[in-house]
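Asks: Build out the structure end to end from the sequences listed, making use of the hints.
Numbering (my numbering), first residue to last: 1 to 247.
I should point out that these hints are in silico values taken from the structure, not numbers from a laboratory. Careful, some of the hints might be misleading.
As the list claims (entries may be wrong) - Label pairs and their computed distance ranges (CB to CB):
(1) E94 x M19: 26 to 32 Å
(2) K219 x E116: 29 to 35 Å
(3) A90 x M228: 24 to 30 Å
Glycine is no exception: its CB is placed at the ideal position from the N, C-alpha and C atoms.
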Amino acid sequence: MTFPRIAYEALEVCNGVTMAAIEAAVARTGLAAGAEALDIGAGNAAVAIRLAEVFGLDVTAIEMDPEMAALARARIAEAGTGDRVALVVAASAEVLARTPPVDLITALGTTNITGEGRPPPEAGFVALHGALKPAGWLLWGDLVWLSEPPAPLRQIVEATNVYADHAGWQAAARIAGFAVVMAELSPRAVFDDYARGLTAAARRWLDANPAAPEAGTVKHSADRVQAMLDYGRDHIGFGLYLLRKTG
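Replies: Here it is as structure tokens:
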């Protein structure tokens with residue numbers, strides 16, 4: 001077991017946003033049943049399953065972490081959506097390189113879409129722009145700087161990705177050739193619930209499995225994430241952006 005597997009098994013959405021907000025954004029696309037979608041960084045597959053169940057989309061769910069992929073596979077089977085949700089265990093850059101353009105991409109809290117070291121915000125958007133059909137849709141969600149963070153916090157949070165503020169994400173999307181159709185920040189209470197849920201799930205698992213060989217690693221990860229989110233509470237939020245390909 002790993003910290004992400006434990007935490008995300010307990011959460012509905014593996015990010016600081018509600019499923020209701022995701023569904024409302026996808027509804028604005030007006031995509032018909034049978035449209036093709038990619039869900040990058042599928043996590044527990046909840047979003048991919050909902051795209052199939054609610055909107056009738058044919059979804060390819062991409063997950064790089066084998067432990068998370070095992071959870072996603074189980075959830076897809078449990079939901080009975082195996083005929084509409086195909087799970088691919090690979091890095092997103094590899095899958096994008098061999099997949100024909102699709103109608104919709106959902107990318108929520110993804111890690112390094114391009115496969116490069118700490119790419120800037122616009123780099124991910126450029127990669128995803130080419131993976132969409134003309135006038136295709138991208139639902140992007142990620143951490144947002146609510147205010148200028150202390151240097152140590154930025155260094156920790158941006159160890160693998162470079163993040164932007166609310167205006168910065170939108171500017172990066174426009175640079176990459178997207179029109180911003182919708183942009184919203186998750187309410188503070190939603191992000192706080194997400195942050196608490198991450199570490200609470202790990203604490204429950206540790207209480208139930210104190211002698212597990214992974215316990216030390218899980219505890220270290222939980223402590224690190226909690227310290228980061230507590231320290232950064234006034235600086236970190238989550239933004240959701242519905243973008244449409246132009247050009």
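Asks: For each hint, tell me whether it holds in the structure or not.
Replies: Okay, the hints, checked on the actual structure:
no., hint, in the structure
1, E94 x M19: 26 to 32 Å, "holds (28 Å)"
2, K219 x E116: 29 to 35 Å, "holds (32 Å)"
3, A90 x M228: 24 to 30 Å, "holds (28 Å)"
Checked against the numbered hints above, the structure breaks none of them.
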